[in-house]
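Construct the complete structure from the given sequences, taking the supplied hints into account.
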Amino acid sequence: MVRHQSALESSFSDAYAAANAASRWKRYLPERIIKVVLFLCAIVSIFTTIGIVSVLIFEAALFFQEVSIFEFLTSTKWTPLFASKHFGILPLLTGTLLTSIGAMFVALPLGLMSAIYLSEYAPETARQIVKPVLEILAGIPTVVYGYFALLFVTPILRAISDDISVFNGLSASIVMGIMILPMVSSLSEDAMRSVPRSLREGAYALGSTKLEVSTRVVIPAALSGIVAAFILATSRAIGETMIVTIAAGQNPNFTFNPFVPIETMTAYIVQVSLGDTPTGTLEFKTIFAVGLSLFVITLAMNLLSQFIVRRFREVYE
Amino acid sequence: MARNPSIIETKQLNVFYGTTRVISDVDMDVETHRITAIIGPSGSGKSTLLRCFNRMNDLIPSFHMTGSVLFGGQDLYDASVDPTEIRYQIGMVFQRPNPFPKSIFDNVAFGPRVNGFKGDLNGLVEDSIRRAALWDEVKDRLRESALSLSGGQQQRLCIARALAVQPQIILMDEPCSALDPISTQSIEELMRELSNEYSIVIVTHNMQQAARVSDYTAFLNPGEDKISELIEFGETRQIFTNPTDERTEAYITGRFG
Numbered sequence: 043m044v045r046h047q048s049a050l051e052s053s054f055s056d057a058y059a060a061a062n063a064a065s066r067w068k069r070y071l072p073e074r075i076i077k078v079v080l081f082l083c084a085i086v087s088i089f090t091t092i093g094i095v096s097v098l099i100f101e102a103a104l105f106f107q108e109v110s111i112f113e114f115l116t117s118t119k120w121t122p123l124f125a126s127k128h129f130g131i132l133p134l135l136t137g138t139l140l141t142s143i144g145a146m147f148v149a150l151p152l153g154l155m156s157a158i159y160l161s162e163y164a165p166e167t168a169r170q171i172v173k174p175v176l177e178i179l180a181g182i183p184t185v186v187y188g189y190f191a192l193l194f195v196t197p198i199l200r201a202i203s204d205d206i207s208v209f210n211g212l213s214a215s216i217v218m219g220i221m222i223l224p225m226v227s228s229l230s231e232d233a234m235r236s237v238p239r240s241l242r243e244g245a246y247a248l249g250s251t252k253l254e255v256s257t258r259v260v261i262p263a264a265l266s267g268i269v270a271a272f273i274l275a276t277s278r279a280i281g282e283t284m285i286v287t288i289a290a291g292q293n294p295n296f297t298f299n300p301f302v303p304i305e306t307m308t309a310y311i312v313q314v315s316l317g318d319t320p321t322g323t324l325e326f327k328t329i330f331a332v333g334l335s336l337f338v339i340t341l342a343m344n345l346l347s348q349f350i351v352r353r354f355r356e357v358y359e
Numbered sequence: 626m627a628r629n630p631s632i633i634e635t636k637q638l639n640v641f642y643g644t645t646r647v648i649s650d651v652d653m654d655v656e657t658h659r660i661t662a663i664i665g666p667s668g669s670g671k672s673t674l675l676r677c678f679n680r681m682n683d684l685i686p687s688f689h690m691t692g693s694v695l696f697g698g699q700d701l702y703d704a705s706v707d708p709t710e711i712r713y714q715i716g717m718v719f720q721r722p723n724p725f726p727k728s729i730f731d732n733v734a735f736g737p738r739v740n741g742f743k744g745d746l747n748g749l750v751e752d753s754i755r756r757a758a759l760w761d762e763v764k765d766r767l768r769e770s771a772l773s774l775s776g777g778q779q780q781r782l783c784i785a786r787a788l789a790v791q792p793q794i795i796l797m798d799e800p801c802s803a804l805d806p807i808s809t810q811s812i813e814e815l816m817r818e819l820s821n822e823y824s825i826v827i828v829t830h831n832m833q834q835a836a837r838v839s840d841y842t843a844f845l846n847p848g849e850d851k852i853s854e855l856i857e858f859g860e861t862r863q864i865f866t867n868p869t870d871e872r873t874e875a876y877i878t879g880r881f882g
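In order, the protein sequence lines correspond to chains A and B. Following this note's numbering, the numbering of the first sequence begins with 43 at its first residue and continues without gaps. Following this note's numbering, the numbering of the second sequence begins with 626 at its first residue and continues without gaps.
In case anyone wonders, no lab produced these hints; they're calculated from the structure. Don't take each hint at face value.
Said to hold, decoys possible - Chain A stretches covered by chain B per the calculated footprint, using a threshold of three residues with CB under 8 Å from any CB of chain B:
#1 229-241
#2 247-254
#3 257-263
Said to hold, decoys possible - Take a look, some chain B residues computed to stay more than 10 Å from chain A by CB distance:
#4 Gln637
#5 Glu656
#6 Pro666
As the list claims (entries may be wrong) - Derived pair list, reagent style DSSO-like, types lysine-lysine, alpha-carbon separation capped at 30 Å:
#7 B:Lys851 - A:Lys252
#8 B:Lys764 - B:Lys727
#9 B:Lys743 - B:Lys764
#10 A:Lys252 - B:Lys743
Note that the structure is predicted; figures quoted are calculated from it, not measured. Backbone N, C-alpha and C define an ideal beta-carbon position, used for all residues, glycine too.
Take a look at the structure:
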């Protein structure tokens, strides 16, 4: 019996060996090819990033040969296109900060509250309707948002107060906040839903209400994900171009007044690249200096978000 | 054994998920200051029955029930009853230790805080942890994360957390199923001790555990129609030595389940 079995086994393994020898190349060649193809796909994005960053740094370096970094970072006037030229990025920076912070004031509370609703309160049927509708907001082209701000929100604001100019930071902030709302709510909701059910049950069993379970257990446990969502949404707002270009104006004002025309870093880059500024001139090089600054800010925000996710990640079990 | 007054009584309790009936016609009494075990094969609705006692099933949208569950004579499912008011009078310990990702102190203080406890919170936390036989192990590290504790310690912390709201009864849903034998032993000893002051209902799939710790045993078993019923309920010694129903005998002697 035993001998019989081993004879059977050896005849099987002979058969396998023969089959292997014949089909080895057939099977393993595609495997090798696909490995190389996938690797090439993966490094495309790396090379693109390296390319963009090196162009930015190279062109910005040429700019800083003519303008001191000190002036660039401290002067409060930005008039590279005028006869009396000043190259202080602060007015553009305040423009960007004003609209981004304003957008976060809209997106944070609304986004967090819709996330709480979707994750903790909404019955399954409501969730299936609200969530896709909210995500449609993310699919609207930003140029549409821009004209929505200029032609719909701004007139309403101006009807409320005469102090508000046609182009202003407030309108752009509000609409930009609505634009990033789905990002905040969707990412926060994902973080909240991944909090284990057992933690919620533990809190309910101690006599907590739904609100207490949400605010004292779910949000603290999901905090790192929520913070990361906020930071990613902020970088999105900082880099957003169309809405602010259309609705916030083209006047680099060193101000935090949301009622007057301003100009953000992104809007300035649009203004120069669409205008008749000749390439190669100092005026043209300014956009690389501004672009590099923008890149540094969003990079810092993304690193901060990664750090926060790692540092404050709550392990559930 | 002298009979104590009942703390929980079910009357003709039927449980449904959607239109499917999962438990039928359960009548049982849980006595104060006793340990009542609910045993039965997997899927026999032990946990579902336990969760009727503190309205945890309300969290499942498709759940509904008929009949009544009386807690100290009051119908838990009466329209005027607020489930959150009920739950803090009834402690619950779950199958897997589920401490909040907070400090040891904050875990135990959670219940008193949400229920608006005004008084000596430090004293209450210490007392609860002592009752859960955990104080000596954690007294120097109350500010550390509860997740730094071992599984058995986490489960005793969850018991301390349940005790901190000063419940009259503690429901335990397979509290030792995720623990090693030594931790299991310490939890069982703790249960015996707690039964002097609290009433305890424990769901367990471990018949030896039910025989070791409980005073009363309820045996749930699904029939041919998959609807579970209470086959037998009585003193643990009688159930394990001299069951009246042949299905109970078959189950406890290991012929199925």
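Evaluation of the provided hints:
1. Judged by the Cβ-Cβ criterion of 8 Å, the region 229-241 of chain A is covered by chain B as claimed, because 3 of its residues qualify and three suffice.
2. Proximity of the region 247-254 of chain A to chain B, defined as three or more residues with a beta carbon under 8 Å from a beta carbon of that chain, is established by the 6 residues found.
3. Proximity of the region 257-263 of chain A to chain B, defined as three or more residues with a beta carbon under 8 Å from a beta carbon of that chain, is established by the 4 residues found.
4. Here B:Gln637 stays apart from chain A, with its beta-carbon at least about 26 Å from theirs, past the 10 Å limit.
5. Residue placement check: B:Glu656 keeps its beta carbon more than 10 Å from all beta carbons of chain A (closest about 22 Å).
6. With 10 Å as the threshold on Cβ separation, the claim that B:Pro666 sits away from chain A holds: the shortest Cβ distance comes to roughly 23 Å.
7. Simply put, B:Lys851 and A:Lys252 have alpha-carbon atoms about 33 Å apart, too far for the 30 Å limit, and the pair is violated.
8. Taking the CA atoms of B:Lys764 and B:Lys727, the gap is about 16 Å. The hint holds against a cut of 30 Å.
9. With a CA separation close to 23 Å, the supplied pair B:Lys743 and B:Lys764 stays within the 30 Å bound.
10. Restraint check: the Cα-Cα separation between A:Lys252 and B:Lys743 comes to about 22 Å, which is no more than 30 Å; the hinted pair holds.
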